[in-house]
Amino acid sequence: MSGYTEKMRDIARRLLETGAVDMVIGFRKGSLPMMNEPCFVTRADDAHCLVWDGHCGINLANYLTDRKEKIAVFAKGCDARNMVTHVIENKIKREQLHIVGVPCTGMIDKRKISAMTKGEVLAVTETDDAVTVTTAGGDQRFDRADVMQQNCALCVHRNPVIYDDLLADPVTEQTIPDRYADIRKIEAMDAASKWQFFEDLLAPCIRCYACRNACPLCYCPTCFVDEAKPQWVGKGQDATDIRTFHFLRAFHCAGRCTDCGACERACPMGINMRLLTRKLEKDCQSEFGWEAGMDPNQRPALDVYKTNDPETFIK
Amino acid sequence: MTLITLDTKSWAAGLTAAADAYRLFGPVREDACHTFKALEKGKTPDLDMVNTRLSPKALIFPQSDIILEYSLDESREDHHIMREVQKDVTPRAVVGIRPCDAKATALVKLNFDAPDVKDPYWLAAYEATTFVGVACDAPLSTCFCTTAGCGPYSEEGLDILVMQKGDGFLAKILTDKGRAFAKAAGWNPASGDLAAFEAGKAAAEKKMVSAVQTDHLEAADLLALHNAPFWEKTAFACLNCGTCTFSCPTCWCFDLQDEVAGKSGVRLKNWDSCMFPIFTVHTTGHNPRETKVQRVRQRFMHKLKYFVDKYKTGIMCVGCGRCVRQCPVNIDIRKVCEEMNRFNPADACAVRD
Amino acid sequence: MEGKNVQNPYLPYPVRIDDITVEAEDKSLKTFKFVFLNAGDEEKFAYRAGQFAELSIPGKGEIPIGIASSPVEKGFVKFTVNRAGVVTTHLHNMKVGDVMGLRGPLGNSYPWDLLEGKNVLIVGGGFAFTTLRSSIVYMLDPKNRSKFGNIDVVYGARSPGMLLYKDELVAWEKRDDINMHITVDATTDPDWKYNVGFVPPVTEQKAPQGGDDTYAIVCGPPIMIKFTQPVLEKLGYDHDHIIMSLENRMKCGFGMCGRCGIGKELVCKDGPVFTLRQINQTPREY
Numbered sequence: 003m004s005g006y007t008e009k010m011r012d013i014a015r016r017l018l019e020t021g022a023v024d025m026v027i028g029f030r031k032g033s034l035p036m037m038n039e040p041c042f043v044t045r046a047d048d049a050h051c052l053v054w055d056g057h058c059g060i061n062l063a064n065y066l067t068d069r070k071e072k073i074a075v076f077a078k079g080c081d082a083r084n085m086v087t088h089v090i091e092n093k094i095k096r097e098q099l100h101i102v103g104v105p106c107t108g109m110i111d112k113r114k115i116s117a118m119t120k121g122e123v124l125a126v127t128e129t130d131d132a133v134t135v136t137t138a139g140g141d142q143r144f145d146r147a148d149v150m151q152q153n154c155a156l157c158v159h160r161n162p163v164i165y166d167d168l169l170a171d172p173v174t175e176q177t178i179p180d181r182y183a184d185i186r187k188i189e190a191m192d193a194a195s196k197w198q199f200f201e202d203l204l205a206p207c208i209r210c211y212a213c214r215n216a217c218p219l220c221y222c223p224t225c226f227v228d229e230a231k232p233q234w235v236g237k238g239q240d241a242t243d244i245r246t247f248h249f250l251r252a253f254h255c256a257g258r259c260t261d262c263g264a265c266e267r268a269c270p271m272g273i274n275m276r277l278l279t280r281k282l283e284k285d286c287q288s289e290f291g292w293e294a295g296m297d298p299n300q301r302p303a304l305d306v307y308k309t310n311d312p313e314t315f316i317k
Numbered sequence: 005m006t007l008i009t010l011d012t013k014s015w016a017a018g019l020t021a022a023a024d025a026y027r028l029f030g031p032v033r034e035d036a037c038h039t040f041k042a043l044e045k046g047k048t049p050d051l052d053m054v055n056t057r058l059s060p061k062a063l064i065f066p067q068s069d070i071i072l073e074y075s076l077d078e079s080r081e082d083h084h085i086m087r088e089v090q091k092d093v094t095p096r097a098v099v100g101i102r103p104c105d106a107k108a109t110a111l112v113k114l115n116f117d118a119p120d121v122k123d124p125y126w127l128a129a130y131e132a133t134t135f136v137g138v139a140c141d142a143p144l145s146t147c148f149c150t151t152a153g154c155g156p157y158s159e160e161g162l163d164i165l166v167m168q169k170g171d172g173f174l175a176k177i178l179t180d181k182g183r184a185f186a187k188a189a190g191w192n193p194a195s196g197d198l199a200a201f202e203a204g205k206a207a208a209e210k211k212m213v214s215a216v217q218t219d220h221l222e223a224a225d226l227l228a229l230h231n232a233p234f235w236e237k238t239a240f241a242c243l244n245c246g247t248c249t250f251s252c253p254t255c256w257c258f259d260l261q262d263e264v265a266g267k268s269g270v271r272l273k274n275w276d277s278c279m280f281p282i283f284t285v286h287t288t289g290h291n292p293r294e295t296k297v298q299r300v301r302q303r304f305m306h307k308l309k310y311f312v313d314k315y316k317t318g319i320m321c322v323g324c325g326r327c328v329r330q331c332p333v334n335i336d337i338r339k340v341c342e343e344m345n346r347f348n349p350a351d352a353c354a355v356r357d
Numbered sequence: 239m240e241g242k243n244v245q246n247p248y249l250p251y252p253v254r255i256d257d258i259t260v261e262a263e264d265k266s267l268k269t270f271k272f273v274f275l276n277a278g279d280e281e282k283f284a285y286r287a288g289q290f291a292e293l294s295i296p297g298k299g300e301i302p303i304g305i306a307s308s309p310v311e312k313g314f315v316k317f318t319v320n321r322a323g324v325v326t327t328h329l330h331n332m333k334v335g336d337v338m339g340l341r342g343p344l345g346n347s348y349p350w351d352l353l354e355g356k357n358v359l360i361v362g363g364g365f366a367f368t369t370l371r372s373s374i375v376y377m378l379d380p381k382n383r384s385k386f387g388n389i390d391v392v393y394g395a396r397s398p399g400m401l402l403y404k405d406e407l408v409a410w411e412k413r414d415d416i417n418m419h420i421t422v423d424a425t426t427d428p429d430w431k432y433n434v435g436f437v438p439p440v441t442e443q444k445a446p447q448g449g450d451d452t453y454a455i456v457c458g459p460p461i462m463i464k465f466t467q468p469v470l471e472k473l474g475y476d477h478d479h480i481i482m483s484l485e486n487r488m489k490c491g492f493g494m495c496g497r498c499g500i501g502k503e504l505v506c507k508d509g510p511v512f513t514l515r516q517i518n519q520t521p522r523e524y
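Chains as they are written, first to last, in my numbering: chain A, 3 to 317; chain B, 5 to 357; chain C, 239 to 524.
By construction, these hints were calculated from the structure, which means they are not laboratory data. Glycine residues also receive a C-beta, built at the ideal position from the N, C-alpha and C atoms. Take these hints with a grain of salt, some might be off.
[Said to hold, decoys possible] Reference excerpt, derived from the structure (chain A facing chain B, CB under 10 Å, subset only):
no.: 1; residue: Ile27
no.: 2; residue: Met37
no.: 3; residue: Pro206
Sequences are here, hints too, so could you generate the full structure?
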């Protein structure tokens with residue numbers, strides 16, 4: 003993905019100068035390693051602040067919801083699929099968007115890097131296949147593949163499905179023999195172990211809702227956990243309430259989630275709540291042959307009824 | 005002020021002895037991070053840590069705390085009458101708290117221990133607690149305590165300040181509570197070298213690479229700052245999650261909630277966040293802070309202006325850097341503070357014209 | 239709690255509903271009269287007109303409501319409650335004899351020390367008339383009436399059936415030590431003998447001129463306040479002679495939970511009563 007930044011700035015400048023769009027939504031360089039900040043640019047002169055590297059894991063579709071402007075936005079494969087979903091769900095009009103597709107080779111997992119590094123990470127540089135981490139004690143080099151976000155390692159749609167400009171030639175798609183090995187392991191557990199597994203998984207949750215708020219699918223004006231009339235969920239730290247939040251949120255995302263990984267990346271406590279959304283992703287694939295956000299002309303799996311829908315759950 | 009020199013053995017033995025009279029809490033390693041927890045018998049706090057992910061504020065101000073209880077069973081004499089929940093307020097000590105987090109407790113105290121009204125739950129927990137701080141000799145690149153009214157050897161809010169020195173420790177007893185703890189630990193005053201303390205402090209402060217400037221905040225016009233044009237850009241990336249407020253050692257906002265199971269009910273005091281839209285929404289649906297920009301502005305204005313004006317004790321931030329490190333979208337209070345501190349309404353008008 | 243013998247501000251006084259009056263024709267407003275269950279609690283609840291309290295319903299939550307009874311009325315406290323959210327809807331379904339909690343008194347009050355010896359204009363609209371009722375009863379009390387100059391009241395509601403405390407309004411109309419200017423937005427009642435029109439124009443026609451010795455207390459819906467302010471300015475009321483009571487979402491009610499802030503002021507503790515001059519210096523996030 004080297005060289006993307008310059009191309010992005012050129013495209014942003016052109017679109018703003020010609021008035022083709024009112025604003026460009028992208029990333030600017032973060033104030034600490036492995037972090038970039040989503041930002042908007044409205045003047046061609048400011049396009050120079052846009053950047054792209056392996057730390058753009060936040061899904062920019064999240065910043066499009068209900069906006070009124072004409073917007074250019076950068077989209078990785080997963081982001082573009084969420085933009086398709088946004089268009090299908092009337093959260094933005096396709097005509098409002100100038101999607102700049104970003105063929106993606108995966109985002110870097112900041113937690114993995116921190117865990118594999120001794121001492122504070124002071125700087126991170128990357129090439130197409132390596133990541134170099136600088137600490138007070140010197141440099142450490144990793145293979146990019148070893149420090150990728152898990153969702154990126156499992157990704158089979160790295161190239162955007164819709165775009166108006168493509169930043170570079172499409173990248174080779176990965177062939178992953180088994181994308182759901184970890185999910186199958188949980189499925190195979192007996193009820194008690196499963197219960198324990200989820201309890202441990204969600205125990206660190208502080209209910210900050212970073213996962214929900216980083217998710218472009220979670221745009222409900224009032225989330226069910228915030229509803230007061232009636233109040234569905236308690237607001238304390240009761241494990242049942244925490245589980246209810248995570249389970250229901252995952253179900254709300256069923257057939258819509260693109261496994262962009264923004265939820266896991268955003269979580270300050272390092273919870274892998276993607277285990278829940280991916281189980282539903284897997285089921286949608288096996289039961290309905292459905293992958294979210296691949297086609298703007300197709301309604302999501304849970305939005306349509308077909309006479310041959312599987313109904314083995316009716317006993 | 006008393007100085008006590010301790011070797012590793014007397015440190016550990018002292019904590020074991022103190023555990024007879026105090027419930028001990030301290031940093032414990034869990035997976036990749038440290039968390040403040042009750043220390044198991046005979047365990048010493050793990051001081052080989054960087055800042056914990058969450059501050060120890062929950063030890064005094066739990067994220068979810070049952071404060072009242074009641075019965076809805078009408079066959080009971082006292083149905084629908086609320087009762088105080090009795091808390092365990094036996095002595096306890098937090099060993100290994102950072103000076104920044106201790107100073108934060110002192111700031112939060114301004115809220116919960118106001119001259120005319122007291123939060124009895126917070127205050128009882130606070131008064132039951134002895135704060136044994138460990139000086140911070142390895143600040144992170146995101147630490148800016150020295151310019152946030154604090155520092156790696158700051159003593160405010162602490163009863164004992166311990167510095168790690170060679171293989172052992174040098175403890176500075178700061179208060180009566182600290183003296184009582186030292187006595188329970190069997191730590192006897194011995195010759196201590198104040199110069200070593202000062203040298204450690206100077207060395208730690210020198211390692212600090214990050215800073216904020218706050219000198220213009222108090223003089224700034226409150227409404228002009230509130231209406232400043234930079235808030236829209238500052239707030240754009242914000243997800244309005246509670247990561248910053250929940251990880252912050254000085255954020256104190258809370259909610260009151262009732263929960264009922266069968267016929268028994270409780271009233272809870274839960275952490276809340278000014279980032280959440282429902283924090284301020286009226287029953288009518290009207291929300292005085294309807295937009296993300298308003299909510300982000302509230303957080304920073306509260307910490308860096310309203311608090312400054314109200315209490316005249318500096319900013320409501322101790323520079324621990326947790327929100328900087330944990331914000332999922334990299335909103336950085338240091339940058340916002342810089343923006344606010346250098347804001348000049350005259351410039352803003354010039355740009356707009 | 240331990241040792242200190244601090245009053246627990248979260249703990250409500252237990253009260254019993256002694257009487258319920260339906261106030262409005264659409265039944266959206268009811269006045270609840272509470273008596274304290276424990277001896278001594280009423281004395282601890284000593285309040286001034288303009289303060290509020292948290293009505294505390296076990297299992298449902300709490301709601302901050304202005305105190306409608308007056309400090310000169312003994313043996314009970316009264317609140318007029320609009321049915322809107324979870325707690326107030328539940329309260330509207332409760333009956334005489336039911337037990338619940340009452341927490342307070344909370345907030346400052348109207349500035350009674352400042353108002354002594356002054357003329358007082360009261361401008362109220364809709365169901366926000368509650369603390370104004372408390373204030374009027376307080377000022378009209380034989381022990382207090384001589385402490386104040388002229389008292390004028392402009393009070394408006396949507397229709398005659400939506401006016402609160404009708405019996406008292408009639409009684410006050412008959413007195414010569416208070417000038418009542420009751421108005422309704424509209425009415426089809428041929429016998430209506432008072433004003434018809436919105437509060438701001440009626441204020442413009444009927445209210446006395448402002449001046450050093452005259453203060454206006456304004457309480458009502460935002461739209462009424464918005465259009466009354468220029469009228470009062472025109473009548474010569476200085477911004478520190480216009481006194482208002484604000485509402486914001488609250489939980490604790492005593493300045494700790496942080497949500498009702500308007501800049502550095504907290505509506506629950508520094509308010510709810512502010513002068514317009516004070517409000518002008520806040521970001522007005524209410």
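Against the structure, the hints come out as follows:
1. Ile27: holds (9 Å)
2. Met37: holds (4 Å)
3. Pro206: Cβ of A/Pro206 sits 9 Å from chain B, so the hint holds.
Taken one by one, the earlier hints all hold for this structure without exception.
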